[in-house]
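Student: With the hints as your guide, set chain B onto chain A.
Chains as they are written, first to last, in this note's numbering: chain A, 1 to 223; chain B, 1 to 223.
Hints are not guaranteed to be accurate.
All copies of an identical chain are treated as equivalent in the list; a pair is satisfied when it fits inside any one copy or across any two copies.
Below, in silico cross-link-like pairs of lysine-lysine (BS3-like), each with a Cα-Cα straight-line distance of 27 Å or less [to be verified]:
# : residue 1 : residue 2
1 : K78       : K181
2 : K85       : K192
3 : K181      : K201
Rather than coming from a laboratory, the hints here were simulated on the basis of the structure.
2 protein chains.
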Amino acid sequence: MGNVRIIEIKESVFADNDREADRVRGALKAQNTFLLNLMSSPGSGKTTTLLRTIEALKDDLKIGVMEADIDSDVDAEKIATTGVKSIQLHTGGMCHLDAGMTEQGLQQIGTEDLDLVVLENVGNLVCPAEFDTGAVKNAMILSVPEGHDKPLKYPLIFTVCDVLIINKIDVLPYFDFDMDKVVEYAHRRNPKLKIFPICAKTGEGVQAWADWLKAEVRSWQEG
Amino acid sequence: MGNVRIIEIKESVFADNDREADRVRGALKAQNTFLLNLMSSPGSGKTTTLLRTIEALKDDLKIGVMEADIDSDVDAEKIATTGVKSIQLHTGGMCHLDAGMTEQGLQQIGTEDLDLVVLENVGNLVCPAEFDTGAVKNAMILSVPEGHDKPLKYPLIFTVCDVLIINKIDVLPYFDFDMDKVVEYAHRRNPKLKIFPICAKTGEGVQAWADWLKAEVRSWQEG
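Just chain A, same shape as in the assembly:
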């Protein structure tokens, strides 16, 4: 299997990517644009959460959305209904976005007039966590039906994220999901992780998350 060669390539890919990510962040800072990288499993509610977040922030911030998917345009079409700028990025089978792909998306959407760009990453708890996209902050969604043991099984993503949104709290009565345990397990991976329980379907809890995000955008712009 030539493992040594693969590992060498992988290390060089990561080093190249980190440099490129820093370059992307620098360019965004120069024009006062904040990039949020939003990650989660497939079906945890990234797009619905984004729709609610846009609703809460679109009077205050100029927002753009980049929807990454292996295939299909279903998410970008939903986002377009809100009136914010949105584009679909097809990864062609790739399981994550790296800084180079993110930069191509940023050029395509045009960021000069935007305060906030949200990158909806490929639905995957593993690979996206390994690649710095150039985002200022990383957020992830874990939905109640996925279970409270996920920080034990997918440690890296909980470590690299600044925010954990716990979505679908409306179905808590129908699942064996222990909110105290997920908070404990997640903080074991990352004591600084901010946690926002929400229901994107009804809007419950979304305001606190949106307020946090807006404060982060303002602090980046003024910093």
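Tutor: Showing chain B alone in chain A's frame:
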């Protein structure tokens, strides 16, 4: 980013893996052992489905389970309570299993006396679909809370699987999940896909899936 070099390495990795997977299958055939590769998103209920499947088949088949996870032993501990042979495979951050890793697991568990070995792959709809593990059949679980649009977004896994188990049908009333649409989208990717709606929590629908699996094991052993 040296994309050309990475693509060359990737192609050679896939070709090596395919050869190794065929070798693994040949060795299993020689001793009448059937390997099932079970894939899904994180939190779709792989382990609970496996517990029910073992319950339905353990009087007829000698079963072993290999639990692949990036970290933690929570799944292998649950499987061990059923009395079947089980081991935990830690991938050390890897997002999938390839044939070489699967072969190491098979050697560790010891397959000479087993009719059926189930490999519970890493929770991920993208990367595991790219690597032939040496399994005789591939199955995937999609759970109701993940949504019926997943065959549109993650096409490859629906193409490479022989079976789609639709889990958590007990919560259908609480989610906007269209069973007709998911069947249509999945069959568009793969017209031969067998589909079993189940609720692993209550056991509903599990017998039909277990019967199919038992018939496949017997046909492999007699073929």
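Student: Go through the numbered hints given earlier and state which of them the structure violates, listing their numbers in rising order.
Tutor: When the structure is compared with the hints, only number 2 turns out to be violated.
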